[in-house]
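Going down the list, the protein sequences come from chains A, B and C. Residue 61 in numbering that gives the first Met the number 0 is what sits at position 62 of the first sequence, and the numbering runs on without skipping anything. Residue 154 in numbering that gives the first Met the number 0 is what sits at position 155 of the second sequence, and the numbering runs on without skipping anything. Residue 42 in numbering that gives the first Met the number 0 is what sits at position 43 of the third sequence, and the numbering runs on without skipping anything.
If you're looking for bench data, these hints aren't it; they were derived computationally from the structure. Cβ coordinates follow ideal geometry from the N, Cα and C atoms, glycine included. Where hints are given, some of them may not hold.
Incomplete in silico selection of chain B near chain C, CB under 7 Å [as the list claims (entries may be wrong)]: (1) Val53; (2) Gly61; (3) Leu68.
With a straight-line Cα cutoff of 27 Å, these simulated DSSO-like cross-link-like pairs (lysine-lysine) come out [as the list claims (entries may be wrong)]: (4) B:Lys23 / B:Lys89; (5) C:Lys143 / A:Lys92; (6) B:Lys89 / A:Lys92; (7) C:Lys74 / B:Lys23; (8) A:Lys101 / B:Lys160; (9) B:Lys89 / A:Lys101; (10) B:Lys23 / C:Lys143; (11) A:Lys92 / B:Lys160; (12) C:Lys294 / C:Lys8; (13) B:Lys160 / C:Lys143; (14) B:Lys108 / A:Lys101; (15) B:Lys130 / A:Lys101; (16) C:Lys32 / B:Lys160; (17) C:Lys74 / C:Lys60; (18) C:Lys294 / C:Lys32; (19) C:Lys64 / C:Lys32; (20) B:Lys130 / A:Lys92; (21) C:Lys345 / B:Lys130; (22) C:Lys74 / C:Lys32.
Derived coverage of chain C by chain B (criterion: at least 3 residues anywhere in the stretch with Cβ under 8 Å from a Cβ of chain B; other residues may be distant) [to be verified]: (23) 108 to 117; (24) 127 to 138; (25) 142 to 154.
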Amino acid sequence: MNALQSVPLNHYILLSAMLFAIGVIGVLVRRNAIIIFMCIELMLNAVNLLMVAFSAHHGDGSGQVFVFFIMAVAAAEVAVGLAILIMIHRNSKTTDIDFLNKLKF
Amino acid sequence: MTQYAFYFLAFVSILCALMVVFSKNPIHSVLYLVLTFFSIAGQYLLLNAQFLAVVHIVVYSGAIMVLFLFVLMLLNLNTEAEPQKSTWLKFAAVISGGLLLITFVASLKGSENMALVQKNPEIGLTANLGKILFNEFALPFEISSILLLSAMVGAVMLSQKEKEAKQ
Amino acid sequence: METPVLIFKCVLVVALFIVSLLVAMYSTYAERKVAAFLQDRLGPNRAGVFGLLQPLADGVKMFMKEEIIPNVSNKTLFILGPCLAMITALMAGVLIPWGGNLEIAGHVFALQITDLNIGILYIFGVTSLGVYGIMIGGWASNNKYSLFGAIRASAQMVSYEIAMGLAIIALIMTTGTMSLSEIAHQQGSGYANIVYQPLGFLIFLICVFAELNRAPFDMPESESELVGGYHTEYSSMKLGFYLFAEYINMFISSAVLVTFYLGGYNFPFQAELNSMLGLSTNAATLLGTGVFFLKIFFFIFFFMWVRWTLPRFRYDQLMKLGWQSLIPISILNVLITGLVMWFTGKIN
Chain A
0 MNALQSVPLN HYILLSAMLF AIGVIGVLVR RNAIIIFMCI ELMLNAVNLL MVAFSAHHGD
60 GSGQVFVFFI MAVAAAEVAV GLAILIMIHR NSKTTDIDFL NKLKF
Chain B
0 MTQYAFYFLA FVSILCALMV VFSKNPIHSV LYLVLTFFSI AGQYLLLNAQ FLAVVHIVVY
60 SGAIMVLFLF VLMLLNLNTE AEPQKSTWLK FAAVISGGLL LITFVASLKG SENMALVQKN
120 PEIGLTANLG KILFNEFALP FEISSILLLS AMVGAVMLSQ KEKEAKQ
Chain C
0 METPVLIFKC VLVVALFIVS LLVAMYSTYA ERKVAAFLQD RLGPNRAGVF GLLQPLADGV
60 KMFMKEEIIP NVSNKTLFIL GPCLAMITAL MAGVLIPWGG NLEIAGHVFA LQITDLNIGI
120 LYIFGVTSLG VYGIMIGGWA SNNKYSLFGA IRASAQMVSY EIAMGLAIIA LIMTTGTMSL
180 SEIAHQQGSG YANIVYQPLG FLIFLICVFA ELNRAPFDMP ESESELVGGY HTEYSSMKLG
240 FYLFAEYINM FISSAVLVTF YLGGYNFPFQ AELNSMLGLS TNAATLLGTG VFFLKIFFFI
300 FFFMWVRWTL PRFRYDQLMK LGWQSLIPIS ILNVLITGLV MWFTGKIN
């Protein structure tokens, strides 16, 4: 099934670059730590998409296996990160990162 | 046909990703992110990576985003409580993000514009991926299981109330 | 895809939709009758003979009632909630093999809308999406009780998904395939999968109870604590959609359960019976489908039986059962399955 002959590889790269840039903008713009977390997930997914596209292009499954590992790491990251955020909220009643500057020198 | 599907899904994913960043209500952000993930799963299907597409839906939409929703509901974060950055900071953030995008796109300039041809369409099937995963990547697979276990232990430990502090 | 197959698939989709709705409608009637029987009452018996028209009367009532959308609610999401619940309920049905092959005018059709080679994973994915309808509806109502219901539902479903997935992994190990038609077909020639996976069946059954939010795990809508749970603020047909989605889910989950573990459309001694009666292929297929539905109805009855027999769990008991009993047991099940397969030489 060579159905994708008409979509250039560059467009996949472009799409994932745009998603990644939107994720970066989200991290910079928002102050809510949970939203920043979600933007990081978005950036990870942009990379995943690119890996799958290249994996399909080269006919090599390793790229898709790497996506699994990224998913596993993302799941672990979310579990620990959200636990930390809940603890922060419990102690300081906010998830605003601008208030979390206790460690700042 | 498939190329229209690609451009439609790309449009949806970018639109929803923008809405994630710019919608005021965190719950709306989560729901838009779910939509983005669905369109990315659609892209995986177009690339004939069926197994990955379904796993993507199960892991991201089914588990991770439900966790986000759960935490947002638990902490009861509403629009009024949402802090905003000052306007010029936002402006600077958007400009720097745009510059990053321009850097990415500029690096593409010299490359030849080749079409994506699937050399081996069978690669995304479960059996083939399983063979690669358990032969070449057996050790990383085991290590990632330890990572998940330690993450689970860490999450449980973090969310426990401190007993010493209470006494 | 050639035209006759396409037409057949379209007919099958519409038929499945109608059958799901019909089964859901009469499940509400059956639930009331079963409850009445177990509590030594009569149950609905006014509309039609034995009250058989009661579901129709209820439907008309649902449509005629006043539609109330709370002022403080988030209107878009308030409407989206029941829609999502209904969509995810109907989505899983497409993969279930409802019977063997039918021969019509020289064409052979399989009684299954589509067969994916990742079928089990698809069903698992759709089940995991089912929580969104409840969560969105519960949050958008802007009501404390609804929010509590939504939070409980999400925690419960995510927790029980893990044990369910592990039970399914053991099943995939024994069957060696993820396609549902293949699994149903295998059980026709050998034993049903429950023989190889008794523990897996038990875990899967318990997890289905939790995923369906049925008693004894109906924490998200426990009337005595949370008024009505996630659908406290809903009225009219939106409430009807939530209730309908629950019954459709019950129907589809029973079908999945039967396909996975109890032989699907196969039944014992079917080859002997078919040759003894001299049935044609079509008649044998329809007989198989009939048996399939009988098994499904038994499980729907079983869900109701449990609901009106067992008291509700407490929330911490529910979590304890999920995380401290079911997950270790299901990991053990995977281990035992692997060891048995290794010793019997199925894998090397």
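Straight-line Cα separation of A:Lys92 and B:Lys160 no greater than 27 Å? holds (16 Å)
**Asked** Holds or violated: B:Val53 as interface residue toward chain C, Cβ cutoff 7 Å?
**Response** holds (4 Å)
- Given pair status - C:Lys143, B:Lys23, alpha carbons within 27 Å: holds (22 Å)
Proposed proximity, A:Lys101 with B:Lys89 (alpha carbon, max 27 Å): holds (23 Å)
* Asked: According to a criterion of three or more residues whose C-beta lies within less than 8 Å of a C-beta of chain B, is the stretch 108 to 117 of chain C covered?
  -> That given contact holds, which follows from 3 residues of the stretch 108 to 117 of chain C lying within Cβ reach (below 8 Å) of chain B.
Are C:Lys345 and B:Lys130 close enough, with their CA atoms no more than 27 Å apart? holds (17 Å)
Does the structure keep C:Lys74 and C:Lys32 at a Cα separation of 27 Å or less? Since the Cα atoms of C:Lys74 and C:Lys32 sit roughly 36 Å apart, the hinted pair is violated (cutoff 27 Å).
Check: Is B:Lys130 within 27 Å of A:Lys101, Cα to Cα?
Finding: violated (49 Å)
Checklist line | Agreement of B:Lys160 and C:Lys143 with the hint, judged by alpha carbon distance not exceeding 27 Å | finding: holds (24 Å)
Pair hint C:Lys294 and C:Lys8, alpha-carbon separation not exceeding 27 Å = holds (24 Å)
Are C:Lys74 and B:Lys23 close enough, with their CA atoms no more than 27 Å apart?
It holds: about 16 Å lies between the C-alpha atoms, which stays within 27 Å.
**Study point:** Restraint status (C-alpha distance of C:Lys32 to B:Lys160 at most 27 Å)
**Key:** With Cα atoms ~47 Å apart, C:Lys32 and B:Lys160 exceed 27 Å; violated.
Violated hints for the displayed structure, listed by number in ascending order: 14, 15, 16, 20, 22.
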